[in-house]
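Asker: Single-letter residue listing:
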Amino acid sequence: MGIGNIFQVFQPKDKIFFVLFEKVTENLVAMSNDFNQGLQDFDLNDDSMLKKMSDYEHKNDEITHEIFVELGKNFITPFDREDIHELASGLDDIADYIYSSAKYIYLYKSPQQKAYTEFSLLIQKACVEIQHAFQNMKGFKNMKQVKEACIKINSIENIADDLLSNSMAELFETHDAINIIKVSSVLNYLEIVTDKAEDVANAIENILIKYA
Amino acid sequence: MGIGNIFQVFQPKDKIFFVLFEKVTENLVAMSNDFNQGLQDFDLNDDSMLKKMSDYEHKNDEITHEIFVELGKNFITPFDREDIHELASGLDDIADYIYSSAKYIYLYKSPQQKAYTEFSLLIQKACVEIQHAFQNMKGFKNMKQVKEACIKINSIENIADDLLSNSMAELFETHDAINIIKVSSVLNYLEIVTDKAEDVANAIENILIKYA
Amino acid sequence: MGIGNIFQVFQPKDKIFFVLFEKVTENLVAMSNDFNQGLQDFDLNDDSMLKKMSDYEHKNDEITHEIFVELGKNFITPFDREDIHELASGLDDIADYIYSSAKYIYLYKSPQQKAYTEFSLLIQKACVEIQHAFQNMKGFKNMKQVKEACIKINSIENIADDLLSNSMAELFETHDAINIIKVSSVLNYLEIVTDKAEDVANAIENILIKYA
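If you're matching them up, the sequences are chains A, B and C in order. Here the first sequence stands for residues -1 to 210, where the numbers follow our numbering. Here the second sequence stands for residues -1 to 210, where the numbers follow our numbering. Here the third sequence stands for residues -1 to 210, where the numbers follow our numbering.
Only chain A is shown next, with the shape it has when bound in the complex:
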């Protein structure tokens, strides 16, 4: 038995959830980085960014499934089973909507909009804050940092709200109805990503209220 295995034997059973959430949030941070980078260097004829997003989305699905399997096996969980379910589903929604945003950007062949990269930067920041929140939840030690991350995510969502309305106002100046329908649809998917990040932050705050 190697050192790694010994460690695993003595590891409290409920740590597995923190390990899995760390994997999910790491995946989301990498996904949002590549999404943002892909939009900055956008090339409609090169769909490698879309393929990457699809891969990240599948990986997220797999880890989410692992979390649900562990929920079925473990009696001891760091917090209520429903809360773990809600967190995992919320993180999965974030990956789903980043992927949907990418899909419709390619599908509608909508030209690279400044607003798209502005949104992807906000999404990247939100994913980094979500990672911070989960890193600091381990052992319920750094609750202040968790709370600060949640506040930042809420403020990112407010900025995204304003970005959406300002982008829509600019978009209508094109007076091109079909283009307006396409771009507004992508902008709405992008804005939902930040809504889903806020949902995760709210679920975390709900857990803090119960256990703090």
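No lab work stands behind these hints, which were simulated from the structure alone. A hint or two may mislead.
Intra- or inter-copy, both count: the list cannot distinguish identical chains.
[What the hints assert, rightly or not] Straight-line Cα separation of at most 30 angstroms, DSBU-like style, residue types lysine-lysine; simulated pairs:
no., residue 1, residue 2
1, 49, 142
2, 123, 139
3, 150, 71
4, 71, 107
5, 57, 21
6, 21, 150
7, 112, 208
8, 101, 208
9, 123, 112
10, 136, 21
11, 123, 150
12, 107, 49
13, 136, 13
14, 57, 71
15, 139, 71
16, 13, 145
17, 123, 57
18, 142, 21
19, 21, 123
20, 13, 142
Since chain A is already given, all that's left is putting chains B and C on it; use the hints.
Answerer: Same frame as chain A, now just chains B and C:
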């Protein structure tokens, strides 16, 4: 006292919820069958399909109300009261959005789209799987079948996602902005039905996690 | 120590939540009154209504924050902590979507639509019923009145549903794609307000089921 009454006296109190959920899911299966049939033989001048959908929707409301009344009367429930509330609300949402889809198809006089019937077939399959899941939940005996039904509903939702994006791409090829707004609105309602079916599947999986 | 302070000392700790919910619902009633009035006397060149909506929205945020702070401090709550969190979030959503509706009405410079004021009247009625529900929840004494208020909110949401579809049918008669996109977007925000009111009513009914 007739045999029916004797049976009811000895029936465990919590069976009433399975009986009512069986009624709801039976209603949903019939509704989705008639919706699919109605779209296949679509005739804008004959609104009997829309009237049927309205009737099914009202019937669903009534059984949902019965479930809530029973929740208020019964101390013993087969699973948490909140879970029963969530399941009943989720099933009610499915009926609501099928009805809304039908309503906007007639309202917008949007020509019969191939995508509409493709969606209605997916919706019908999802409703049949929901019925399977509830039939197998009785007594918590056939948990494997319940889980399989939930997996199928999730996979139907994925297919519906792709159907939506492919249909949107085709729709934009018409270059008719007003038609695009109308049809995309109906497609979105149809896609929400499969989202709501997935929500019910997730609520069921959540219950499995708690009780399995 | 003044009489006010003595009173506060002897006041059961959990009354603070009813006091705070009374503040939120009072704010929502005033907000919906001014929204309705502002739409009746609508003047695109005078954005004082929009500023008022922004102020009400901020005030709602502050009281919601107070509720969350109290949740963190109080061991004793009148009902489950998660339920208080859900109610506070639901009421916050109502204020958010009224503000969003106002914002997009000004942003899109969309002419005053009859449907807008019809919606704002429904929203005002829903907010009054929400206030009634909370006033009657104190001490769990007037449960019948709470239930009646919830039923009225549900029926307002049904009326709003029909208002939306009728307004959309009229809107398409303008045959002006860009105008249709703008107005339908505002109508959707307005309809979401009544959906959020229904969510609050459902959360209240859920609490009644647990405690009645």
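Asker: Within a copy, between copies, both or neither: which one fits residue 123 and residue 139 at a CA-CA cutoff of 30 angstroms?
Answerer: within (23 angstroms within a copy, 46 angstroms between copies)
Asker: How do residue 13 and residue 142 come out at 30 angstroms by Cα distance, when the copy is not named: within, between, both, or neither?
Answerer: Classified as both; 21 angstroms inside a copy, 28 angstroms across copies.
Asker: Please work out whether the CA atoms of residue 21 and residue 150 approach to 30 angstroms or closer within one copy, between two copies, in both situations, or in neither?
Answerer: Result: close both inside a copy and across copies, 21 angstroms intra and 26 angstroms inter.
Asker: When no copy is specified for residue 142 and residue 21, does a C-alpha distance of 30 angstroms or less occur within a copy, between copies, both, or neither?
Answerer: Both: 23 angstroms inside a copy, 28 angstroms across copies.
Asker: Is it within a copy, between copies, both, or neither that the alpha carbon of residue 123 lies no farther than 30 angstroms from that of residue 57?
Answerer: Cα proximity of residue 123 and residue 57: in one copy and across copies (21 angstroms, 27 angstroms).
Asker: How would you classify residue 57 and residue 21 at a CA-CA limit of 30 angstroms: within, between, both, or neither?
Answerer: Classified as within; 10 angstroms inside a copy, 39 angstroms across copies.
Asker: Can you tell me if residue 139 and residue 71 fall within 30 angstroms by alpha carbon in one copy, between copies, both or neither?
Answerer: both (26 angstroms within a copy, 18 angstroms between copies)
Asker: Checking an output row: residue 150 and residue 71, CA cutoff 30 angstroms. Within, between, both or neither?
Answerer: between (34 angstroms within a copy, 22 angstroms between copies)
Asker: Taking 30 angstroms as the upper bound on the Cα-Cα distance, should residue 123 and residue 150 be classified as within, between, both, or neither?
Answerer: within (9 angstroms within a copy, 35 angstroms between copies)
Asker: At most 30 angstroms between C-alpha atoms: does residue 107 with residue 49 qualify within a copy, between copies, both, or neither?
Answerer: This pair counts as within: shortest intra-copy Cα distance 16 angstroms, inter-copy 38 angstroms.
Asker: For residue 71 and residue 107, with the copy left unspecified, which applies at a CA distance of at most 30 angstroms: within, between, both, or neither?
Answerer: neither (45 angstroms within a copy, 52 angstroms between copies)
Asker: Using 30 angstroms as the alpha-carbon threshold, which applies to residue 101 and residue 208: within, between, both, or neither?
Answerer: neither (38 angstroms within a copy, 36 angstroms between copies)
Hint violations for this structure: numbers 1, 4, 7 and 8, all remaining hints satisfied.
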